[in-house]
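In order, the protein sequences belong to chains A and B. In terms of my numbering, the first sequence has 316 at position 113, counting the first letter as 1, and numbering is strictly consecutive. In terms of my numbering, the second sequence has 53 at position 12, counting the first letter as 1, and numbering is strictly consecutive.
Certain hints may be false.
Claimed, not checked - From chain A, some residues computed to sit far from chain B (all C-beta separations above 12 Å):
no.: 1; residue: Arg225
no.: 2; residue: Gln240
no.: 3; residue: Leu248
no.: 4; residue: Ser270
no.: 5; residue: Val285
What the hints assert, rightly or not - Sample of chain A residues at the chain B side, in silico, Cβ under 10 Å:
no.: 6; residue: Leu244
no.: 7; residue: Pro264
no.: 8; residue: Tyr267
no.: 9; residue: Val291
What the hints contain is simulated information worked out from the structure, not anything from laboratory work. Ideal placement from N, C-alpha and C gives every residue a C-beta, glycine not left out.
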Amino acid sequence: IAGITQAPTSQILAAGRRMTLRCTQDMRHNAMYWYRQDLGLGLRLIHYSNTAGTTGKGEVPDGYSVSRANTDDFPLTLASAVPSQTSVYFCASRRNRGGWNSPLHFGNGTRLTVT
Amino acid sequence: DAKTTQPPSMDCAEGRAANLPCNHSTISGNEYVYWYRQIHSQGPQYIIHGLKNNETNEMASLIITEDRKSSTLILPHATLRDTAVYYCIVRVNSNSGYALNFGKGTSLLVTP
């Protein structure tokens, strides 16, 4: 079934450790996004990529980095995790060509706890 | 992007229509209204979007006022599985690629 796969599903991480959240889509969508979701704050955009080879900063990019080496993969890296990065992380994608934007498709999230 | 205002929570009886309002008084002429929902422990799911005209699909109907300053998402026959947080977002439909900014949404509880 086509869609977005995120891994891991959940993770407990010691502060100061490095962590990469994986995101893969098989819909050939050119645009991909990372959000974090925290209670009372809704979904906030961390980073995005309009197409392979390009990335941009969202609303809350500090402490995170991304890369987009190909169309399908958009990993999110925490170089040195801090407790405030405890959150649920969602990856999303959509087709962003042809004069209109398709809706966002989301993965089922990664629940990250930084201790 | 225009800011949206939604009630934090609503209740609806199963089988009845659920009408979820959204105010977007600062919306500009080229901004679309999008609705997504998020069922507990899942990623958000697209429902519907529109610009000026009312829209309907297999999931819901979207009613946009003539001045476009508000809209209503209608779930015609709510079921228990429609219990979720519903997000109203306004966004320019363009190739710039910038993502939708989600607010806090409306938590809809469908009761038996």
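Hint check against the structure, violated hint numbers in rising order:
Structure breaks hints 2, 3, 7, 8.
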